[in-house]
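K.L.:
Sequence:
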Amino acid sequence: MSDVKKRKYHSPEFKAKVGLEALRGVKTINEIGQEYGVHPVQVGQWKKEIQAQASTLFEGKRGPKPLAAHREPELLYSEIGKLKMELDWLKKKSGINLP
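Numbering (the numbering used here), first residue to last: -2 to 96.
Every clue listed holds true.
Each pair of labels, with its calculated beta carbon distance range:
no., residue 1, residue 2, range
1, E10, H36, 15 to 25 Å
2, K14, T53, 17 to 27 Å
3, K14, G78, 48 to 58 Å
4, P70, E28, 52 to 62 Å
5, R68, E10, 33 to 43 Å
6, A51, K81, 47 to 57 Å
For the record, the hints were derived by calculation from the structure and aren't laboratory data.
We put the CB at the ideal spot given by N, CA and C, even for glycine.
Please put together the full structure from these sequences, using the hints given.
P.N.:
Below, the structure is given as structure tokens:
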């Protein structure tokens, strides 16, 4: 009978550890793959993924998040509408007839 290999699932921490070691460049990708029991192509893919995601690592960590310019007027108009409805309701309940 043939032995069916099951797919290995690696944790994100393991992938990061292996990918960072590949980025350091102290060992070759083949050596790292052999050490951790992972195919060298997979080590290279994890290394490339870390390099691609590195630019977004420090985005937006501090400071206020900027509002989109097209979203701001919508928010203001919705607030004006809400306040106008509240004012109309209060006028109706109090019986004041102001223009």
